Amino acid sequence: MREYLMLLLSTVLVNNVVLVKFLGLCPFMGISKKTDTAVSMGLATTFVMTMASASCWMLEHWLLMPLGMVYLRILVYILVIAVVVQFTEMVVRKTNPALYQVLGIYLPLITTNCAVLGIPLLTTQEKLPFVNSLLYGFGSAAGFTLVLLLFAGLRERLALAQVPGAFIGAPIGFITASLLALAFMGFAGLV
Amino acid sequence: MFFAVVSLTILGSAMGLFLGYAARRLEVEGNPLVEEIQAILPGSQCGQCGFPGCAGAAQALADRSAPITLCPPGGRAVVQALALKLGVEANLSDVKDNVPMIAEVKEEICIGCTRCFKVCPTDAIMGAAQQMHSVFREACTACGKCEEVCPTESIKLQPIPVTLHAWYWHKPVIQPMQAVSA
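Residue numbers (my numbering), protein chains in the order written: chain A, 1 to 191; chain B, 1 to 182.
Worth double-checking, as some hints may not be accurate.
[Said to hold, decoys possible] Partner residues are not named here, just some residues of chain B that face chain A (Cβ under 7 Å, in silico):
{"hint": "1", "residue": "3"}
{"hint": "2", "residue": "30"}
{"hint": "3", "residue": "34"}
[Claimed, not checked] Ranges of calculated distance between the beta carbons of each label pair, as one might list FRET restraints:
{"hint": "4", "chain 1": "A", "residue 1": "160", "chain 2": "B", "residue 2": "109", "range": "46 to 54 Å"}
{"hint": "5", "chain 1": "B", "residue 1": "149", "chain 2": "A", "residue 2": "161", "range": "26 to 34 Å"}
{"hint": "6", "chain 1": "A", "residue 1": "171", "chain 2": "B", "residue 2": "65", "range": "41 to 49 Å"}
{"hint": "7", "chain 1": "B", "residue 1": "108", "chain 2": "A", "residue 2": "160", "range": "38 to 46 Å"}
{"hint": "8", "chain 1": "B", "residue 1": "87", "chain 2": "A", "residue 2": "112", "range": "38 to 46 Å"}
{"hint": "9", "chain 1": "A", "residue 1": "170", "chain 2": "B", "residue 2": "31", "range": "33 to 41 Å"}
{"hint": "10", "chain 1": "B", "residue 1": "156", "chain 2": "A", "residue 2": "164", "range": "31 to 39 Å"}
Worth flagging that the hints you see were computed from the coordinates, not collected in a lab.
Fair warning: this is a prediction, and the values are worked out from it, not measured in the lab.
All C-beta atoms, glycine included, are put in the ideal place defined by N, C-alpha and C.
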């Protein structure tokens, strides 16, 4: 139990997928203009990332390794991720049309979120057992959601702040993101 | 090699079948009329109709809660196409076929009051108090706000002069009315 908690803490805060590993920056900058869309995007990504971690582990251990086809790993992982994303899109469209409108193009673009491919590859590289891989994926996605939410809150305030003309919009966003990354460096050594 | 081909084929087909099944189960009954109306509208998402974009306008048109003359950039041709699609009478009398416009300052009567300068949403007007104003063509969106506040009517929206850079295709010619009723 302690091990799992440490794993979660490590993936959410210490090795945060966005601010420490610098994966998944596109939705981080793209969807962080409003907190409510940020939360929804985070939840969709969490679902996809957890499912992708679990199914990639299963494919890796039950298909690729026994048949000696590990050289096809990236191909198979991308296939799985694409299927999970498509499925998520259908579910969101069915259950929450408003959210579907808001997320728009970013929902299918979860497929190209490098964090979604990166996390299963990392867990494979570290040879984690199934539950650990699942938690690794879930924790990373939770960290992604957390940072997305924090950053969206910051940007909502930035929109009202007086920013020097040259920095309005994306530039001040990038500066804020780097400061947030610096702040997250403070978690190093926590685990 | 053999195993790789076979297993990947099976994997891909299984996932494809799963997605196909899920698509059937989770199908959303969209209104096909909305999509057809959206195809008629210009799709420039200008928001001049008061809806948040052409999709919103198409939804309202399909619900019959908006007049078919709601789209200024579409002009008469769009009104006619909408009338045909929705099966209603088209009243073309108050629809103008607008050409692209731009604000222009009549220099001899501009008094330099800076009112237009203050209301311009795109900062397209240059000038200072008691100085003649002029318009940056690249920035002007022809919103018409300056025209409303000008005390001397010196700033007016004018059709963009035709040059090599500003040339555009003419809007589709309106078909005779019997084509609509047919």
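Hints, verified against the model:
| no. | hint | result |
| --- | --- | --- |
| 1 | 3 | holds, 5 Å |
| 2 | 30 | violated, 9 Å |
| 3 | 34 | violated, 12 Å |
| 4 | 160(A) x 109(B): 46 to 54 Å | violated, 40 Å |
| 5 | 149(B) x 161(A): 26 to 34 Å | holds, 30 Å |
| 6 | 171(A) x 65(B): 41 to 49 Å | holds, 42 Å |
| 7 | 108(B) x 160(A): 38 to 46 Å | holds, 43 Å |
| 8 | 87(B) x 112(A): 38 to 46 Å | holds, 44 Å |
| 9 | 170(A) x 31(B): 33 to 41 Å | holds, 37 Å |
| 10 | 156(B) x 164(A): 31 to 39 Å | holds, 36 Å |
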